[in-house]
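> The lines below spell out each chain.
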Amino acid sequence: MIELTIISWIMAFLVIGAAIYAIETKDLISAAIAAGVASLVVSIMFLVLQAPDVAITEASIGAGLTMAIFVYAIGRTGRWEE
Amino acid sequence: MRKVVAIILASAFFAVLLVSFSNIQQADYGEKEYYYQNPINGSYANESVPSHYISNTKNETGAVNAVTAIVVEYRGFDTLGEVTVLFTAATGVSFLLYKTRGGKKRTEANLILKEGSKLVLPFILLTGAYIFIHGHLTPGGGFPGGAVIASGFLLMMLSYPKFFMKERAVSVTESMAGITFAFIGLLGLVFASSFLQNFLPLGDAGYILSAGIIPIIYIAIGFKVGSELSSIADKLKEVQK
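Sequence order for the protein chains is A and B.
Going by the working numbering, the first sequence opens with residue 1, and the numbers climb by one from there.
Going by the working numbering, the second sequence opens with residue 1, and the numbers climb by one from there.
In short, the hints are calculated from the structure, not lab data.
None of these values were measured; they are calculated from a predicted model.
For every residue, glycine included, the Cβ atom is placed at its ideal position computed from N, Cα and C.
None of the hints are false.
Not close to chain B: a few residues of chain A, all C-beta gaps over 12 Å, as computed:
#: 1; residue: I10
#: 2; residue: Y21
#: 3; residue: I29
#: 4; residue: A31
#: 5; residue: V48
#: 6; residue: E82
If you want the footprint, here are the derived chain A segments under chain B, 3+ residues with CB under 8 Å:
#: 7; segment: 56 to 67
#: 8; segment: 72 to 81
Work the whole structure out from these sequences, hints included.
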């Protein structure tokens, strides 16, 4: 079992907090950015768990492109959730 | 009420996950002994699949990066399916958003953002190309490399409202890369025994020109993924007329 250091705990709570914020907030742009933050921290966790292949993919697709595509799509529809 | 139910369900799910992952060391994940046929020399071996990958990947495929060897060589047909899924998604996006350009007027970007992105773009493209050309040597491969290239073009789209991908060039690049992938697979059917099987010499492990067809296929996948993802971002962005 891989030992969970203090930084791992901080990252785990950051991921969970960002994910809950992304679900709960009414501002969709903030939700997209929170989801991007979550996947960025997840990519650091992948790197810590010695999976650099997955870490590169997660950082470029999850944190970069997906967030940009979400923001473009929100710009075409509406910013606030009813 | 709904939130309470959701919290109870989520914590129950979390508890189940915690219990099942707490003794992950005791469970023998993927470590069962199987009798399976070796695809290279046809012999039957009595060893587990993960240990076979770890001990024999370098000799069988010539690739130092075992993940790449599994994705392109052992599970190459799955990768072809994955590329097809991405192609279908990109086609669907461009079909839905065909000729709906226009919309809100976008403000010009800051001078620092414009000049900075012009400065950074070549390095981003170089990093992406490095990631997919060295896919069989270092971590990475066609999918992350293509995504890095697409994020470089995305940066240009963010800083210049009038930056467009040339649609014809993008679609030609994508089609040529897809044709290369399928054609190499068919060549494997001709020169070796099965679809997508390696037919080139393996070379010395650790050099760029080694591992047979893996670098060629990953360069094709890199171009394909990069052009598809940047065309998705290009179709979605709003521009001033």
